[in-house]
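Generate coordinates for the entire structure from the input sequences, incorporating the hints supplied.
Number of protein chains: 2
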Amino acid sequence: MSIAEPLPPPVETVRFRDAQIEMAHGAGGKASRRLVEGLFAPLFGSLGTPLTDAATVAVAGTDVVITTDAFVVRPLQFRGGSIGTLAVHGTVNDLVVSGASPCALVATFVLEAGLPGDVLEREARAMADAARRSGISIVGGDTKVVEHGKADGMYITTTGLGAPDRRVRCAAASVRPGDQVILSGPIGDHGITVLLARGDVDLDAELQSDTRSVGPLVASLVEEAAHGLRWMRDPTRGGVATALNELARDSGLGVALFEERVPVRDAVRGACELLGLDVLHIANEGQFLAVVAPADAERALDAIRAVPGGEGAAVIGEIRDTPARTVIGFSPFGGSRVIEMLVGDPLPRIC
Amino acid sequence: MSIAEPLPPPVETVRFRDAQIEMAHGAGGKASRRLVEGLFAPLFGSLGTPLTDAATVAVAGTDVVITTDAFVVRPLQFRGGSIGTLAVHGTVNDLVVSGASPCALVATFVLEAGLPGDVLEREARAMADAARRSGISIVGGDTKVVEHGKADGMYITTTGLGAPDRRVRCAAASVRPGDQVILSGPIGDHGITVLLARGDVDLDAELQSDTRSVGPLVASLVEEAAHGLRWMRDPTRGGVATALNELARDSGLGVALFEERVPVRDAVRGACELLGLDVLHIANEGQFLAVVAPADAERALDAIRAVPGGEGAAVIGEIRDTPARTVIGFSPFGGSRVIEMLVGDPLPRIC
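Order-wise, the sequence lines are chains A and B.
Everything in the first sequence is counted per this note's numbering, starting at 1220 for the first residue and increasing by one.
Everything in the second sequence is counted per this note's numbering, starting at 1220 for the first residue and increasing by one.
Hint data in this document are derived by calculation from the structure and do not stem from the laboratory.
Just so you know, not all the hints are guaranteed correct.
A pair counts as met if it fits within one copy or between any two copies, since identical chains are not told apart.
SDA-like cross-link-like pairs, simulated, lysine to any residue; straight-line CA separation at most 20 Å [stated by the list, open to error]:
| no. | residue 1 | residue 2 |
| --- | --- | --- |
| 1 | Lys1249 | Glu1478 |
| 2 | Lys1249 | Ala1332 |
| 3 | Lys1249 | Gly1336 |
| 4 | Lys1249 | Pro1527 |
| 5 | Lys1249 | Glu1442 |
Keep in mind the model is a prediction, meaning the values are calculated, not measured.
The following block contains the structure:
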């Protein structure tokens, strides 16, 4: 992935004029985008470069991929994972979907005074395990402590370094009409699991977070179909709907989403219906989306399905000329709807 | 700087068994060290490598220096700086004293819901300005939002990437008896300024934080005396006393500190006397310590003094064989005392 690829100009110029920060500014949807495009990007001089999950930086003449994420998930632990596993997998996945091989990770901890020592040890151990399984080394860090009542136990920031895989040339600008959209597996597991872990909803479901490294799935895809691979993204905050809207916007093209092909577990579907949530907006922590040239789509899909954990992969959509910069969902009964980027924050602090 | 340099074995094995996290675990002194050496280092597999301000990682065959820090300073703004300037300068300085040229920086923000938009804009602008002055690009980031009442406005984590300067070969293991200890300028300004900004102490002093990049000072030092340069560190949390104790411990040697030579402004000295604080434990954000071979010490000092902002540099101490792993302070009247690493946290959340 390169940040130097030419991109279509943004449709409109965004200004950040919000009087105050709301939860939605951290939810990964429209408000987050307004903050990044309207405030950070112009000030930090990165206006005009695409907002991807990772940046490529030349260090002593070598391209290095870097990505960073803060984690504030509440509660700290939930079925299938915890803040520590998310903090490692989230950053590893941002490297992987940027076409980079993970090399090293650093972490900062903001700890709340009074946090039990064994909770910290548990999370440090979870990070060490996740890093080992993901093939990345944790090489440094920093710890600060804030007063009791702040920081909900702990917040973690991880930053990952990777080496670009020269076989991968992903960019929204290289996506073409007819390209196929592949999703690696069932969606919504992470968001609904965290929601249930909070105990605010009287629902019991056999669910667990999908937090994992998508490295093995992407490695197989790249091995078999790098030539046709045009774009990747992990649909975390804001879900599949937000990721595909970013693709539509950044490519200047349309995305047709065949909704019945999107893999969703019954328990997730049921919870979403009950709570009035659109599963396409729910966060995932162990899935990725890939856009592949039509000629390579079947081989790409087979490559992902061949890896344990990739059996549920599916082609869920197609790139179209029109309507430009829009995601349209098609139902099996002939209906269609515009699928919007996430607005507001129905499930705050999901990662 | 290389993390592969052989080091003397640690004197004792530290175990982290603290029942709960206290403010002191984030203060940079003994409790912080217990946390890092007793918990993180063994779990993350970095046991035996020195705990320096930055790590060196091979990415695609090229050595890259990476460092990360969380910033939770309270209040967000104070004379001479703010959380945004600290977040950039702190990370730039960690790269610089590790012998690296700063290349790029990424940042995460944990924002409190209800934070005024213009406060965020002010800090983003402060970061952009500090980055420009320090010659580093801000290339990426992430934002999360937590509920009102958490996060004190904002916490920031920055991670910096640098390219190693091949002329610099710093390591505690290469320090030798007779080497001279240079300090770049007056100490305590930052810590006392932040303390006064809190308004808890009825004291008015013409002070401001020393937050700045030490890059130009170090560049001049390296240009003139790289050959004799053996160790550098920026004495932030825990102050000069903690940094020198780490040097004594990591080198296995003693440090003689000539206390009257340590530059301290009258206002800082007065505040410390009034509050019962040892200025050697007060945090600095724009100073560094360097250990230089005796033959190069004068040239090194002149090089620092020749740069605007380096006029106050001084030789403040000397490396000695004994007492090993100990810092001894000598007064002009012939007295001496053991100078300990910071214990507890007299000034919490200073950076």
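Hints, one by one, checked against the model:
no. : hint              : result
1   : Lys1249 - Glu1478 : neither (22 Å within a copy, 57 Å between copies)
2   : Lys1249 - Ala1332 : between (34 Å within a copy, 16 Å between copies)
3   : Lys1249 - Gly1336 : between (38 Å within a copy, 16 Å between copies)
4   : Lys1249 - Pro1527 : neither (35 Å within a copy, 46 Å between copies)
5   : Lys1249 - Glu1442 : neither (35 Å within a copy, 49 Å between copies)
Checked against the numbered hints above, the structure violates hints 1, 4 and 5; every other hint is satisfied.
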